[in-house]
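In order, the protein sequences belong to chains A and B. Under the numbering used here, read the first sequence as residues 1 to 286, first letter to last. Under the numbering used here, read the second sequence as residues 1001 to 1184, first letter to last.
None of these hints come from the bench; they were simulated from the model. A quick note: this is a predicted structure, and the numbers were derived from the prediction, not measured. There may be inaccurate statements among the hints.
What the hints assert, rightly or not - Some but not every residue of chain A turned toward chain B, in silico, with C-beta under 8 Å:
no.: 1; residue: Phe-114
no.: 2; residue: Phe-258
no.: 3; residue: Ser-261
To be verified - In the EDC-like style, the derived pairs of lysine to aspartate or glutamate whose C-alpha atoms are separated by at most 20 Å in a straight line are:
no.: 4; chain 1: A; residue 1: Lys-22; chain 2: B; residue 2: Glu-1067
no.: 5; chain 1: B; residue 1: Lys-1143; chain 2: A; residue 2: Asp-203
no.: 6; chain 1: B; residue 1: Lys-1145; chain 2: A; residue 2: Asp-218
no.: 7; chain 1: A; residue 1: Lys-184; chain 2: A; residue 2: Asp-131
no.: 8; chain 1: B; residue 1: Lys-1179; chain 2: A; residue 2: Asp-203
no.: 9; chain 1: A; residue 1: Lys-174; chain 2: A; residue 2: Asp-131
no.: 10; chain 1: B; residue 1: Lys-1021; chain 2: B; residue 2: Glu-1067
By construction, the Cβ of each residue, glycine as well, lies at the ideal position given by its N, Cα and C atoms.
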Amino acid sequence: MPETNSADFSYFPGCSLATTAKESNQSLIECCRKMGINLVELADWNCCGSSSAHSINHQVAFDLACRNLSLAPPGRPLVAACPSCTLRLKHAQQRLRNDEAARSRYRQMWGRPFDPDLSVRHFFGILAGVDMDGLLSTLGRVQINMTYVPYYGCMLNRPFALRALSDHQEVMEKTLAGVGLQPKRWSYGSQCCGTFLTVARPDIVTPKVNAILQGAADSGAECIVTACAMCHMNLEVRCTLKNPIPIFHFSEILSLAFGTSKHKNWFARHLIDPRPLLKSKGLAAS
Amino acid sequence: MNNRGGAPICLKDLDFRFSQKVKRWAGTDFHTCLQCRSCSGGCPFSEYMDYMPNGVMRLVQLGLKSEALTCNTIWICVGCHTCTIQCPMAIDIPGVMDVLREQAIAEHADILEPDILNVHREVLGSIERYGRTHKLEIMLRYKLKTRDLISDWTVGMKMLAKRKLDLTPSRIERIDDVKKIFQE
Chain A
1 MPETNSADFS YFPGCSLATT AKESNQSLIE CCRKMGINLV ELADWNCCGS
51 SSAHSINHQV AFDLACRNLS LAPPGRPLVA ACPSCTLRLK HAQQRLRNDE
101 AARSRYRQMW GRPFDPDLSV RHFFGILAGV DMDGLLSTLG RVQINMTYVP
151 YYGCMLNRPF ALRALSDHQE VMEKTLAGVG LQPKRWSYGS QCCGTFLTVA
201 RPDIVTPKVN AILQGAADSG AECIVTACAM CHMNLEVRCT LKNPIPIFHF
251 SEILSLAFGT SKHKNWFARH LIDPRPLLKS KGLAAS
Chain B
1001 MNNRGGAPIC LKDLDFRFSQ KVKRWAGTDF HTCLQCRSCS GGCPFSEYMD
1051 YMPNGVMRLV QLGLKSEALT CNTIWICVGC HTCTIQCPMA IDIPGVMDVL
1101 REQAIAEHAD ILEPDILNVH REVLGSIERY GRTHKLEIML RYKLKTRDLI
1151 SDWTVGMKML AKRKLDLTPS RIERIDDVKK IFQE
């Protein structure tokens, strides 16, 4: 199969993709490979601090993000697949750009100057620049005749200071339009999944998650496609509906559209088994 | 505990220095808040908060320190930024919540949602030990701390069966780097 010329990107997987959502990590690497994007894992990356660090200790949150920035080799964009990790990295980067004291702390702690030119991007930002139709024509496209609702969670929301840095509006719809996937209209595309409240306050998260899954089913969609691995986990873990529709990571669907054969360990890891749906569509049969 | 209309605000013990400090730390000017309630209308979790997000903006404007530090809103807020995107005055509301939470801990204020704080502490503890989060250990330690091993048993077993929870942590090599962050 022809592959386009490879471009190297530094890759920050983050804890969710490295552990609970390995299928998201594997499918991301796979669909990027198909697109000629070579993800080089950032050596010895640490947790971005997640929601907890900035919630109770802004200095630790800043330093954790800075260490990751300091590990990125120059001249190569740093790409993350988790919306939350991306935001933490960008937040620190912005503070470094605007604050000499922050840059001085960075130099002192990590032994090198801050690189203001390092490009930090979410995977969707790279996708937006890809000629998907041309790519699918080259690689050969697998038609996926399935209806779905795109679930972005809170990734489209940002603090004002970071608003201008990217716009991921409709990236999933635009990308998947070429392979037959039909988006359904629904009201929950940007609804927060509840994130860490899932541990201490499942009583809050369960009704929210159920409303999201019920909203998806009511729209007539056959599945949900998620932008975020943490959202994916919350939806699967906290849903108490009887027959919820399956939830895919966006990268899984994109890999299927590129005709991947490496999906063996992806779908069996889902708590809501998507394999019957895939089988009924003649997909991922092996 | 659910005060759906938002708790009433009593004007006494106004501490405007507190107001100025929060403004400086949060880097956002909440004095421009119009009380339009767009934030509270959009917030997915406002029904579980004692003060609505617009109420918290009023508390910090007026320097009602004790009320601001002891409301449950600052703990329920997850920082999803749904409010920010709807605020016509571009106030970074979750940024204010971050500052209030950190101040509540620093000043030993009453923590209205101690379990949520426990989760944050377990997450940070895991990062300090391994450089990354180890979800199974975070869950187990949290459950032991709150003496509740029963409630999520089924979910936990399902996740283990699907190999969603690794038994051993993913560790970084240069853990001293991360220890240094926590010692600073």
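Cross-check of the supplied hints:
no.: 1; hint: Phe-114; verdict: violated (16 Å)
no.: 2; hint: Phe-258; verdict: violated (25 Å)
no.: 3; hint: Ser-261; verdict: violated (21 Å)
no.: 4; hint: A:Lys-22 to B:Glu-1067; verdict: violated (43 Å)
no.: 5; hint: B:Lys-1143 to A:Asp-203; verdict: holds (16 Å)
no.: 6; hint: B:Lys-1145 to A:Asp-218; verdict: violated (40 Å)
no.: 7; hint: A:Lys-184 to A:Asp-131; verdict: violated (24 Å)
no.: 8; hint: B:Lys-1179 to A:Asp-203; verdict: violated (35 Å)
no.: 9; hint: A:Lys-174 to A:Asp-131; verdict: holds (11 Å)
no.: 10; hint: B:Lys-1021 to B:Glu-1067; verdict: holds (16 Å)
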